[in-house]
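S.K.: Required output: the full structure, derived from the provided sequences and hints.
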Amino acid sequence: MALLSSWLRAIRIRFLLASVIAVSNGLAIAYWKFGTIDPLYAGLTYAGVACLHASVDLLNDYWDHKRGIDSATTRTKFSGGTGVLPENILTPKAVYAAGLMFLILGGAVGAYFVAIRGVTVAVILGFAVVAIYFYSTSIVNSGLGELFVAIKGAMIVLGTFFVQTGLIDPAAIFVGTIVGLLSATVLFVNSFPDFDADRSKGRRTLVILMGKRKAAQAFPVFIIAAYALIVAGIFLGFTKIYSLASLASLPFAVKAAAAMRNDPKTAQEFVPAMSAAVTYSRITGFVLAVSLLF
Numbered sequence: 209m210a211l212l213s214s215w216l217r218a219i220r221i222r223f224l225l226a227s228v229i230a231v232s233n234g235l236a237i238a239y240w241k242f243g244t245i246d247p248l249y250a251g252l253t254y255a256g257v258a259c260l261h262a263s264v265d266l267l268n269d270y271w272d273h274k275r276g277i278d279s280a281t282t283r284t285k286f287s288g289g290t291g292v293l294p295e296n297i298l299t300p301k302a303v304y305a306a307g308l309m310f311l312i313l314g315g316a317v318g319a320y321f322v323a324i325r326g327v328t329v330a331v332i333l334g335f336a337v338v339a340i341y342f343y344s345t346s347i348v349n350s351g352l353g354e355l356f357v358a359i360k361g362a363m364i365v366l367g368t369f370f371v372q373t374g375l376i377d378p379a380a381i382f383v384g385t386i387v388g389l390l391s392a393t394v395l396f397v398n399s400f401p402d403f404d405a406d407r408s409k410g411r412r413t414l415v416i417l418m419g420k421r422k423a424a425q426a427f428p429v430f431i432i433a434a435y436a437l438i439v440a441g442i443f444l445g446f447t448k449i450y451s452l453a454s455l456a457s458l459p460f461a462v463k464a465a466a467a468m469r470n471d472p473k474t475a476q477e478f479v480p481a482m483s484a485a486v487t488y489s490r491i492t493g494f495v496l497a498v499s500l501l502f
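Start counting the sequence shown at 209; every next residue gets the next number (this note's numbering).
Some hints could be false.
Said to hold, decoys possible - Pairwise CB distance ranges (calculated): (1) Leu452 - Ala305: 43 to 49 Å; (2) Leu417 - Ala302: 30 to 36 Å; (3) Arg222 - Pro459: 18 to 24 Å; (4) Phe242 - Leu455: 25 to 31 Å; (5) Asp404 - Thr299: 25 to 31 Å; (6) Phe443 - Thr244: 24 to 30 Å; (7) Thr244 - Glu295: 20 to 26 Å.
Just so you know, these hints were derived from the structure itself, not from any lab.
Quick reminder that beta carbons are idealized off the backbone N, C-alpha and C, glycines included.
M.R.: Below is the structure:
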């Protein structure tokens, strides 16, 4: 049980919810447009995407440990890595191997859908596999972490919809953009506490490129953009009037923005902002998916 708990911690099991929400939105759009979903394809999609998500988290832990980043951070529930490697709970070799194993498993599920649905899935899968492997090195070092996460979220929604229908629909692209933006918002906020450690080890996150002050000022833009897209989607026919229920997350968005305006300094002082941002993102994405079913 202790070993299982350690691996669940390494996988960051609670953060897999972001991918679950993304798949759920893709399925919801498919049901909205066609009135049915294939349960086998849906289950395989959840499993495959969860494996790919676990892979990127495990490989991120491995590379952060190898570069000494996780030893230089103050770990919180939302930032600073999982701690399984600096605490010697798991070995770097085991974590790296597990990351590759989950990448292969996720890729195998994707390969099955390539055989069924063809080249479109191959393009999405190819992007996912390459980007996941290089995320913690080349992508983050270039300040493209948030962009990658946004594209990943959008592709999960689009890919899920395509697996179900064999089609590409503007609504899937539009909602995927919203879901990707929600995930990018969480990553953006969670990178603030690691600013000094990341910069000292050569990592270039968006917060580092912008500077803490400008990045904190830009944070509300992420939230406003997501809400604006949900509302605009109603008029464009890409979301529904029921999607306004997603604004139920507004109190958490306001709380996160207010916490950032308080100019937190230490990792623990950032926790209220990170916690509120995660809750805002999850509620918005989940309610959005549910709203598309009616």
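S.K.: Checking against the hints above, which ones are violated?
M.R.: Hint 7 alone not satisfied by this model.
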